[in-house]
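If you want the building blocks of each chain, they are given just below.
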Amino acid sequence: MMTEEKIPDYKKEKKRVDGRKMDELRPMSIKVGVLPNADGSAYLEWGQNKVYAAVFGPREALPKHTQNPLKAVMKVVYRMATFSVPERKQPRPNRRDMEISKVLTEALEQVVFTEQFPNTEISVYVEVVDSQAGSRVACLTAASCALADAGIPMKDLVAATGVGKAFGEVIVDLDKHEEDAPDAVDIPIGIMPNSGQVVLLQMDGLLTKEEWAKIIPLGQKACKDIYEVQKNALKEKFVLNEVSEKTVEAGVNDKVEEKTPKVAAKKETKEVKAKKVKK
Amino acid sequence: MRTTILEHELSKIIDLARQAKRLDGRGLEEMRDFSIEVDKYENAEGSARVMLGQTEVIAGIKMGVDKPYPDSPDEGAISVGAELLPLSHADYESGPPSLDEIELARVVDRGIRESKAIDFSKLCIKEGEACWIAFMDFYAINADGNIFDAGSIAALVAFLNAKKPKLNDKNKIIKGEYDGKLELKRLPLLATFVKVGGKIMVDPTYVEEKASEARYSVATTEDGFMSAMQKGKGAFSFEEINYMIDLAYKVNDEKRKKILKLVKK
Amino acid sequence: MKRIVIPGELVSDERKRLGGNVFVANGKIYSKVLGINDSEDEKAGVVPLEGKYFPQMEDVVIGVVSRAIFAGYNININSFVESFIPRSVMREELKVGDLVSAKVTYVSELREAELGFPRKMFGGEVVEVTPVRTPRLIGKNGSMLDLLKQGTKCDIIIGKNGRVWARNGNTTLLRKVVGFINQNSYKSNLTNSVEAFFKAEGIEVSVIKKEDVNVLKNKIVNESEVLNESEVISNEGESEVLN
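Chains as they are written, first to last, in the working numbering: chain E, 1 to 279; chain S, 1001 to 1265; chain X, 2001 to 2243.
These are computed hints drawn from the structure, not numbers from a lab. Just to be clear, a hint being listed does not mean it is correct.
Claimed, not checked - Below, computed lysine to aspartate or glutamate pairings styled on DMTMM-like, alpha-carbon distance capped at 25 Å:
1. E:Lys6 x S:Glu1093
2. E:Lys235 x X:Asp2041
3. S:Lys1258 x S:Glu1093
4. E:Lys237 x X:Glu2109
5. X:Lys2176 x S:Glu1030
6. X:Lys2103 x S:Glu1009
7. E:Lys155 x X:Asp2038
8. E:Lys155 x X:Glu2109
9. S:Lys1021 x X:Glu2125
10. E:Lys6 x S:Asp1179
11. S:Lys1210 x X:Glu2125
12. E:Lys21 x E:Glu210
13. E:Lys237 x X:Glu2128
14. X:Lys2043 x E:Glu60
15. E:Lys235 x X:Glu2040
16. S:Lys1012 x X:Asp2038
17. S:Lys1175 x E:Glu179
18. E:Lys21 x S:Glu1042
19. S:Lys1166 x E:Glu87
20. E:Lys15 x E:Glu211
21. S:Lys1012 x X:Glu2040
22. S:Lys1166 x E:Glu211
23. S:Lys1126 x S:Glu1093
24. X:Lys2002 x E:Glu211
25. S:Lys1164 x S:Glu1209
26. X:Lys2028 x E:Glu109
27. X:Lys2095 x E:Glu60
28. E:Lys75 x S:Glu1093
29. S:Lys1122 x E:Glu236
30. E:Lys155 x X:Asp2013
If you're wondering where the values come from, they're calculated on a predicted model, not measured in any experiment.
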């Protein structure tokens, strides 16, 4: 729990409030296929953030007037549980929820081969159940895993993170203290890891072009590391070897267990560390 | 309206029910296995995650300070909300609260409120000026039937663990500091039944709910009281209702024992 | 060599012929889906591990009636859009929830499958699997399907859209085995593992060897004949719902 902790001198000590280095991400873990009723799903923990993503589709778009005869209509709905934030959030979606839903939809539209599914819709529901800065990029990262889990053809995944500046230093994956810093600049960014294309980009704060030039490589490297976590989460269900005698019995019971999101405890999660970026 | 593909099982479920059998092999009076994760969501002042079979429900409490109602100046309150998230089933859409969601919230609320599990006078901060409101919201994350009972378990566990934030002298919440727990005087739990093919069964799955002709829930406490009842669709004889009440006490006592064991850990 | 690939992952940078579920960018071949690629295949393609049913002509599918209107029936076949059967084409009257077996006779640009030879299915049970994994249930030349029939003694019809219909015989065991195959669909030597699975249950089955393939082919030809005959005989499984 983050109380009024003493904020270190970022420039001098090269250490952040929670002890991370400037280019270090908070621990992240992802599990896919966690919601049996969805066509594809993922559960992601990133720092204190905990989000569910579920995909339904491609399925017939209804009402009929929303259908596009040339491609699938993508819809991402971003919502937060009332208890997912420090001050209780009203259950009704607010304008922030709507805006985030919009930018997430526009991000994922870029990667899905929507032309393959005319007249259909692909719905992605992301629900934040606990948060501490960076919920939208957590949702985007989880959503692209859920789309892959649903078997939906895509050009790439989307790996997303926050980057920016706080307390005089350029940093990756801002946490709450850093978001509240007087000189805070928060830049959520979503990248297609194999092509480097940027599909999510927002910014608030005051930034110079020189600072921006330092931030970009930080974001790119972080997204590459996040991509590895996503890749492993998608592949870990499938161990490519011959079925052994043991698996013959285990196979039947595994089915039920697989559905429960067994997210590794924080200490077991892969600590995603980016290599130091030379300034 | 979207349909799910499970309709073809409906006649099978009704046939099985007539023979006192169920699709998953359970007895008519048998509940599914359940597991609980306590205090998982750190921003909540109390929270729980419940898996009842494949039904997954999460609940969280946020404590707020507000002016007491004029007709009860020395009491605080609880406020319960529920949502069947579109995540949880292809049949659920995003939008304003549906009739089912409203009913869910109100029935779980009544089970807790009417049982006097919470002493509202203990939630008073300053008579006539400030009191605690415990906002409890629960969400279906994966819907395989009986969100009522799963929600009731999640709500109970969340309340059991709810802590009261510390207040400054202006009665504003001090972040990150807590002063005591909510404390429950009773442990009410809902038990939900459906009638399928004329036979009554406890803890229905999604398809059993779809195949059912009637539904009934009753909340019972450990000291022999009932604190809420709700008949959903359909009709029952008094004989059937008395049967369900007796069975409710039994299954709820078993559930309660398991909950207390899991929560103590 | 087989490996699991994810969307956007490089499948080959050689000039190979294209298989399914891949796309070309910058002269290289990438996967579109989460699936398996075998570098020893002469075509560079990916077999998907997840996903709904992609209708193909000539496929046998098992559908569920999702809606009955004046003109006919909407049929759910686990695909992206539902199919439609006009009343005039059906011999029997259907209601919501009924099972129908049919053959895909045409697939439109909008991926809507036209269903020919529709027949109501009576009784039996349906086991669902991940639609894209259905080929493993059938096996090369129907070898896996044959194993299933041997081991459970059920009448089995496998719909390419991820639905297995079975009747008479050990349907409980069939459900288990089908679940096992679905979960291990991507592994090698699956037929041997299924043989072992049955053995663990005390049932001896034998995998059809290459020499006997022709025998098997004949069996399957007879299958499709059975499918086209009217299945009027057994009404026993049908139950009346009293409301």
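Right, here's what the structure says about each hint:
1. Restraint check for Lys6 of chain E and Glu1093 of chain S: the C-alpha separation of about 45 Å exceeds 25 Å, so the hint is violated.
2. Straight-line distance between C-alpha atoms of Lys235 of chain E and Asp2041 of chain X comes to about 21 Å, which keeps the hinted pair within the 25 Å bound.
3. This hinted pair does not check out: Lys1258 of chain S and Glu1093 of chain S have alpha carbons roughly 34 Å apart, beyond 25 Å.
4. Between Lys237 of chain E and Glu2109 of chain X the alpha-carbon distance is near 34 Å, which puts this suggested pair outside the 25 Å criterion.
5. As the CA atoms of Lys2176 of chain X and Glu1030 of chain S are separated by approximately 23 Å, the hinted pair is consistent with the 25 Å bound.
6. For a cut-off of 25 Å, the pair hint linking Lys2103 of chain X to Glu1009 of chain S stands: about 23 Å separates their Cα positions.
7. Our distance criterion of 25 Å between C-alpha atoms is met by Lys155 of chain E and Asp2038 of chain X, whose separation comes to about 20 Å.
8. As the CA atoms of Lys155 of chain E and Glu2109 of chain X are separated by approximately 22 Å, the hinted pair is consistent with the 25 Å bound.
9. Taken as a hint, the Lys1021 of chain S and Glu2125 of chain X pair is honoured in the structure, with Cα atoms around 16 Å apart against an allowance of 25 Å.
10. A threshold of 25 Å between alpha carbons decides the hint, and for Lys6 of chain E with Asp1179 of chain S the separation of about 23 Å falls inside it, so the pair holds.
11. Between Lys1210 of chain S and Glu2125 of chain X the alpha-carbon distance is near 18 Å, which keeps this suggested pair within the 25 Å criterion.
12. A distance of roughly 21 Å separates the Cα atoms of Lys21 of chain E and Glu210 of chain E; the hinted pair therefore holds under the 25 Å criterion.
13. For the hint pairing Lys237 of chain E with Glu2128 of chain X, the CA-to-CA distance comes to about 20 Å; that is within 25 Å, so the pair holds.
14. Restraint check for Lys2043 of chain X and Glu60 of chain E: not satisfied, since their Cα atoms lie roughly 32 Å apart, outside the 25 Å limit.
15. With a C-alpha separation of about 20 Å, the suggested pair Lys235 of chain E and Glu2040 of chain X falls inside the 25 Å cut-off, and the hint holds.
16. Note on Lys1012 of chain S and Asp2038 of chain X: the hinted pairing is violated, with a Cα-Cα distance of about 42 Å set against a maximum of 25 Å.
17. For the hint pairing Lys1175 of chain S with Glu179 of chain E, the CA-to-CA distance comes to about 17 Å; that is within 25 Å, so the pair holds.
18. For the given pair, Lys21 of chain E sits about 24 Å from Glu1042 of chain S by alpha-carbon distance, which is consistent with the 25 Å threshold.
19. The straight-line distance between the Cα atoms of Lys1166 of chain S and Glu87 of chain E is roughly 14 Å, inside the 25 Å bound, and the hint therefore holds.
20. Restraint check: the Cα-Cα separation between Lys15 of chain E and Glu211 of chain E comes to about 19 Å, which is no more than 25 Å; the hinted pair holds.
21. Proposed proximity of Lys1012 of chain S and Glu2040 of chain X is contradicted: the alpha carbons are some 46 Å apart, above 25 Å.
22. A distance of roughly 41 Å separates the Cα atoms of Lys1166 of chain S and Glu211 of chain E; the hinted pair therefore is violated under the 25 Å criterion.
23. Taken as a hint, the Lys1126 of chain S and Glu1093 of chain S pair is broken in the structure, with Cα atoms around 42 Å apart against an allowance of 25 Å.
24. Straight-line distance between C-alpha atoms of Lys2002 of chain X and Glu211 of chain E comes to about 45 Å, which puts the hinted pair past the 25 Å bound.
25. Simply put, Lys1164 of chain S and Glu1209 of chain S have alpha-carbon atoms about 38 Å apart, too far for the 25 Å limit, and the pair is violated.
26. About 23 Å separates the Cα atoms of Lys2028 of chain X and Glu109 of chain E, which keeps this hinted pair within 25 Å; it holds.
27. Annotation: proposed proximity of Lys2095 of chain X to Glu60 of chain E holds, straight-line Cα distance about 21 Å (limit 25 Å).
28. Only pairs whose Cα atoms come within 25 Å are accepted, and Lys75 of chain E paired with Glu1093 of chain S is accepted, the gap being roughly 12 Å.
29. Taken as a hint, the Lys1122 of chain S and Glu236 of chain E pair is broken in the structure, with Cα atoms around 50 Å apart against an allowance of 25 Å.
30. A threshold of 25 Å between alpha carbons decides the hint, and for Lys155 of chain E with Asp2013 of chain X the separation of about 16 Å falls inside it, so the pair holds.
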